[in-house]
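Protein chains: 4
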Amino acid sequence: MKLEKQFIEDHNKKLHNSHQSAFNFLAERLTQEGHDVERILNKIAALQIAIPSWALGNGGTRFGRFSGGGEPRNLEEKISDVGLLHAMNRSSGAISLHIPWDIPKDAKAIKALAAEHDIAFDAVNSNTFQDQPDQALSYKYGSLSHSDKSIRKQAVDHNIEVIRHGEQLGSKALTVWLADGTCFPGQQNFRKAFQRTLESLKEIYTALPNDWQMFIEYKPYEPYFYSTVIQDWGTSHLLATKLGKKAYCLVDLGHHLPNTNIEQIVATLMMEGKLGGFHFNDSKYGDDDLTVGSIKPYQLFLIFNELVYGMEDPASINPSPAWMIDASHNVKDPLEDLLQSVEAIKLAYTQALLVNKEELEAARENNDATQAQEILQHAYRTDVRPLIAEARRRIGAALQPITFFRNLNVRKQLIQERGLKTVSTGL
Amino acid sequence: MKLEKQFIEDHNKKLHNSHQSAFNFLAERLTQEGHDVERILNKIAALQIAIPSWALGNGGTRFGRFSGGGEPRNLEEKISDVGLLHAMNRSSGAISLHIPWDIPKDAKAIKALAAEHDIAFDAVNSNTFQDQPDQALSYKYGSLSHSDKSIRKQAVDHNIEVIRHGEQLGSKALTVWLADGTCFPGQQNFRKAFQRTLESLKEIYTALPNDWQMFIEYKPYEPYFYSTVIQDWGTSHLLATKLGKKAYCLVDLGHHLPNTNIEQIVATLMMEGKLGGFHFNDSKYGDDDLTVGSIKPYQLFLIFNELVYGMEDPASINPSPAWMIDASHNVKDPLEDLLQSVEAIKLAYTQALLVNKEELEAARENNDATQAQEILQHAYRTDVRPLIAEARRRIGAALQPITFFRNLNVRKQLIQERGLKTVSTGL
Amino acid sequence: MKLEKQFIEDHNKKLHNSHQSAFNFLAERLTQEGHDVERILNKIAALQIAIPSWALGNGGTRFGRFSGGGEPRNLEEKISDVGLLHAMNRSSGAISLHIPWDIPKDAKAIKALAAEHDIAFDAVNSNTFQDQPDQALSYKYGSLSHSDKSIRKQAVDHNIEVIRHGEQLGSKALTVWLADGTCFPGQQNFRKAFQRTLESLKEIYTALPNDWQMFIEYKPYEPYFYSTVIQDWGTSHLLATKLGKKAYCLVDLGHHLPNTNIEQIVATLMMEGKLGGFHFNDSKYGDDDLTVGSIKPYQLFLIFNELVYGMEDPASINPSPAWMIDASHNVKDPLEDLLQSVEAIKLAYTQALLVNKEELEAARENNDATQAQEILQHAYRTDVRPLIAEARRRIGAALQPITFFRNLNVRKQLIQERGLKTVSTGL
Amino acid sequence: MKLEKQFIEDHNKKLHNSHQSAFNFLAERLTQEGHDVERILNKIAALQIAIPSWALGNGGTRFGRFSGGGEPRNLEEKISDVGLLHAMNRSSGAISLHIPWDIPKDAKAIKALAAEHDIAFDAVNSNTFQDQPDQALSYKYGSLSHSDKSIRKQAVDHNIEVIRHGEQLGSKALTVWLADGTCFPGQQNFRKAFQRTLESLKEIYTALPNDWQMFIEYKPYEPYFYSTVIQDWGTSHLLATKLGKKAYCLVDLGHHLPNTNIEQIVATLMMEGKLGGFHFNDSKYGDDDLTVGSIKPYQLFLIFNELVYGMEDPASINPSPAWMIDASHNVKDPLEDLLQSVEAIKLAYTQALLVNKEELEAARENNDATQAQEILQHAYRTDVRPLIAEARRRIGAALQPITFFRNLNVRKQLIQERGLKTVSTGL
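Residue numbers (the UniProt record's numbering), protein chains in the order written: chain Z, 1 to 427; chain D, 1 to 427; chain B, 1 to 427; chain V, 1 to 427.
No lab work stands behind these hints, which were simulated from the structure alone.
Among the clues, some could well be false.
You can't tell identical chains apart in this list, so a pair holds if it fits in one copy or across any two.
Simulated crosslink set (DSBU-like; lysine-lysine; CA at most 35 angstroms straight-line) [to be verified]: (1) K108 to K43; (2) K153 to K202; (3) K2 to K140; (4) K2 to K242; (5) K192 to K108; (6) K172 to K13; (7) K421 to K43; (8) K246 to K13; (9) K13 to K105; (10) K140 to K242; (11) K14 to K105; (12) K2 to K192; (13) K245 to K43; (14) K172 to K192; (15) K246 to K202; (16) K5 to K153; (17) K13 to K202; (18) K105 to K412; (19) K111 to K246.
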């Protein structure tokens, strides 16, 4: 299914007057406050969030999975779904593949298909947390950290294979989420597991093209419930530092212990020039993988406040991070969920752009906590939806993507094309 | 110090045009969406949040306390400070006293002083978590739950004395925060501690005037760090049920374990007709007692969504809950902090009033999680500050209380009156 | 596979001398301390922990599942596995079935098979957290709490069917774990969900035989990640109270928020006569379902301290709770894991039996926290393994079950019988 | 008050037979298992845990403090109290001072007094989390990280002064617990705060004698409740690495978010050669500062398992860490509490020494989680109290220190000497 531009134009036309008056009012206010509205609109329009290939179908839990309908059955349909999203919001112009689920049979054709949808290939992801049917050795007790050298080698080789697939498609980064860990005290020698992991990562690093980056994800628990080899940002940073300048840390919002101050971690990593990538989602309890901004939108804003600070700092030594959503959709339509997530990211980003940095730094110098809070909350409480809609309108996206998606009965059409009981490859 | 009305009028005049255009624009939008703006304004104007007498000075931690300046030195000055707040925002028209810190020497004079400031007396609070200089027996190992009957009696008598003080001033409720608990496994027999507490509360309940309510607070830990006699809402509810229809549960936002779904507790208690009172604050880790809305404003909105649902339910069996701030100000000016807290409460309340309940219930019936989220977020993302300002303006309060407070150099004047190194009685 | 008694006798003979000297030494010490060792041995021998039918194969997570080998392929083989456990430790004399996974085709034959292994049928468990292939309506958005009456009816009918199956086998209790909940704020009306659940449970309760109990489990999250209809013990207790005297709360150790004082909940529920059942496991982060006692053995002891207190209280109004393990085995052999779990339970139980209750109550009356801790730790630090081994020996079980299991190559034999890639029905 | 050796000899004589038979039985068992009992006894006897000067009186919370009696009123009495502890257990042969509370008026005399008690001076602690009466500038908004250079200088100078005091007494390390942090989002620029802290620490580091170490403590929250400049081990490690080889991380058990795997952090830091010091205590919720081993004794054992592994590793690059208790005594006699804490540390240490490392590593290589757990639990479940008592006996300490302390009415004598309402200097 492909969206005709006319549909979007029609949709936007109907909402035009109402949107225009809201936008004009807001733009005037912001201009009075000293903001350069055009500059902000350009920044919003430029923000692109990669969509992971595994987030296009319904997810599940260990207790079961309730499928939706019309889920993509193969890589082509996944690209088509991201294409749909991108056509609606013009902010989802990249897909992040998971190997082996998404191995392209014909890389050239896949590249051409993606180009048709104006979709780039973001970081590629390896998978050593599951066994594949044709796999020689099992990852039950680990992969890059395994006590058995032959299993480590298999995992290293798989990662290198993932890089090769990524090269063919134009990716520029490898994301390593190492699930390796243990369920019981004593099960593993922490120090040896770290050293083996470092050694394995070094081999992968060596195979990394010069213009690539390696992102090292951390996570405190799950799928193992006592320890994880890369349990926190400190461990990820230690590995990235030992590996070299192409290695970076990747922050997934759901991969933290209760009450962690994530925004401070983000600030520290950017200060050290080691924040490589970001996985957006939201959570109340653990790695819940809920819609971005659905639980703690203010925390998301605070994180973006650090990201914007880091990105706009002319002295910054941190490269521009790779943005990706990493969520699971158990009770919502995956495409609607992703539209909501992208919207929440853009809201937080825009609010962060509105923070008056000079005044904020002045309040900080004076230790004026009241004023610092007023400044942040002023930006956060501003209803910036008209700005985002305007940015969308200007680049040919829908003013209200979810309304558009529903009015057009997109899901119904996908079910007709693909069937009701499809299961997306991968999770 | 007392504020002249003229100051507020001058302040409002300067901001009038800007405010009026923002309000008009928002009012028109909301009217288009089907809201009765006048009804909402009246509700906002009617909301009154009690200020606890102990929140008018700087708080501290076990590691120390950094005083501010110009803190109220006695009950009269505390009432004066609440009067200042109320003059600025017309939403802080009640004070909640803590006995023995705030025992009025001349109840009649205190009542007259409060009336002058248009301040009512909210729930009175007993204190059995500290020893007072003239106290016969120590609460080191508990009070209402103590193993020693004479100590329980002392604590019961104190609570009854608090009721008597409250009666003289016109209070209609007693709040029992029972700090009793233990620091070590084995220290206490849980069941006996519960039974003793129930017995003590029954004696206090018997002394309660017929038109009074008793609020039973719960808290999982602190100042004891292994167990608390009333550790959660379930225990508070059990006690309130056993005591009778004048007994209610009190929810303090900071008194929950990490990740607790507080809004669901609120809904359950209101469903059972047992939500008596509410202590507002915010927190990231424990009972941090931070400014309301400074950490998790969306959670506050979700809680208000349940409160509004319960209050507007014509079939509700729950009385109107008592609202109070319970925060501690370690790094901010207490009065500024309280202004920010009241503002955050009114924001959340107003946003909750904007939730389209019919549409929300329809989405829920259809299990349309996407749409339910859209409805809530639409209300939450609306910038309702002009509504709150307008409600304030109409009842003679300042359009921007904090700006007003700063421009008038209120704190400087208080320091001149009271001195720099005052310490507020109580904590 | 069935164990010959001779094997156990041979195993015990080899260890006899070493065991006897350790037991004698300990028994003498305990006798000196005033304990009635024979009484304790009888109590240990009498303790029976039910094994859930779904815990006999390898579990997994949403990220995948690594199968072991020789897993039971049907109900008969599950009973046989519990029979094996029971033959080794004589403490696992009951199985808890999960319907529809374990529907017996021939109830009589199944009963006979169980009797052969000396296995009784513990509480039966319903399943409305998954859709079954032949099911008319989906539980994706809930079951007993669903907004759609026909889905609630289907779930009610299923629970009644479960009771009927249980009756045929001699079960005396129904465990309702209601997974129902939501992933997003706003998705559900909390109060309506509670009321619908109550109504559904009432219908099931009505179908409950007079000599049956209904156990209502609570859980804060998972498989839904924003709210759960029965989120905590308070909610479970509210439901059980409204339902009647056959309804009880069920405590699963993993179903609590971080840092919850579970032992106090246990004490409160027993005080109210409402603790019906117990699911044992251990966890570090969430509902990790790890081997009992593998993470927090002291907490387990403290919980047993309350259980023993409640069970030995002559004035107790609480019936004897139903004990069951509810764990998942992702990296261990399920049978070994269960042997370790039963052992940990018996250790904690025995240690709790050794607590000197008179001295403890005396220390508590004096608020002597040091002494109370000394008393508990004295019991906990005692190495009671010889007592448990002796109790086992006397009823014909193996002195060291895991050593026995390994020496006999039980798993290898099961793999030969059943194959390497079996998957246990259910999870 | 000073203990006569005769008292201890009398005490030990009474318990001699019972102890000897328990020790002999255990020693024989351990010898059979291949342990070198004499070597273990020597290690236990050699373990010394420093006592902080502020832990000798009753602590409190922000809600109040209930004093005990006979608390030390000055440095001399603090040393005398540690001397008492050391006389009883011969394992508390060092005191850790807190400046400015413990500034010696006559360093020589204090050294002589300590020598009399056989007490050494452990790491000295600076205090920039409180304002002192004679202090020029306030630490309300930070110290080493403060935005104002003159305040940073004051804090740096204070730390250098602390080093100078330590040099006079023979200390060899400075512990920096930097409380600096914020209560509200936006209050501080995270990056600037880190850079200022690094700069301040560099100045202190420069003043550090060559044979000294600097320990950098981390803590996620309290006394500030939104952020802490050194929030976790990763930040502490980053600072220590940037500072140089005399700088190390310090782990305080209570300074972690819920569910943190602390033992893995310990392993990582020792692997990197950066674990400098350890503060022992226990906690259920936050930095509860409870008696060591009173809440999670198994976690303590797992931590010691890593410590022993690191200390016994011949290739280790980590220096021997400095051990200290850091607890607060709100409901127990401080000296009894400290005796219990030291005992718990020695238990965990001894159990860790009993772990069969060869078998454990073999099980790990085989990913035999069941066996690894059996090995750890075998050591943990062994009742090692007779070993510890024997080690104590041999070096002239009391077999049962708490019984000894109580029988001798030590506290009563201290109250007679010092009075009932003393308050220890410091907290």
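Here is how each hint holds up against the structure:
no., hint, result
1, K108 to K43, "within (32 angstroms within a copy, 63 angstroms between copies)"
2, K153 to K202, "within (12 angstroms within a copy, 43 angstroms between copies)"
3, K2 to K140, "between (41 angstroms within a copy, 29 angstroms between copies)"
4, K2 to K242, "neither (46 angstroms within a copy, 54 angstroms between copies)"
5, K192 to K108, "neither (42 angstroms within a copy, 48 angstroms between copies)"
6, K172 to K13, "neither (39 angstroms within a copy, 58 angstroms between copies)"
7, K421 to K43, "neither (40 angstroms within a copy, 49 angstroms between copies)"
8, K246 to K13, "neither (47 angstroms within a copy, 59 angstroms between copies)"
9, K13 to K105, "neither (41 angstroms within a copy, 64 angstroms between copies)"
10, K140 to K242, "within (27 angstroms within a copy, 38 angstroms between copies)"
11, K14 to K105, "neither (43 angstroms within a copy, 62 angstroms between copies)"
12, K2 to K192, "neither (51 angstroms within a copy, 41 angstroms between copies)"
13, K245 to K43, "within (28 angstroms within a copy, 45 angstroms between copies)"
14, K172 to K192, "both (31 angstroms within a copy, 32 angstroms between copies)"
15, K246 to K202, "both (11 angstroms within a copy, 29 angstroms between copies)"
16, K5 to K153, "neither (49 angstroms within a copy, 46 angstroms between copies)"
17, K13 to K202, "neither (55 angstroms within a copy, 54 angstroms between copies)"
18, K105 to K412, "within (29 angstroms within a copy, 41 angstroms between copies)"
19, K111 to K246, "within (25 angstroms within a copy, 54 angstroms between copies)"
This entry does not satisfy hints 4, 5, 6, 7, 8, 9, 11, 12, 16 and 17, going by the numbered hints stated previously.
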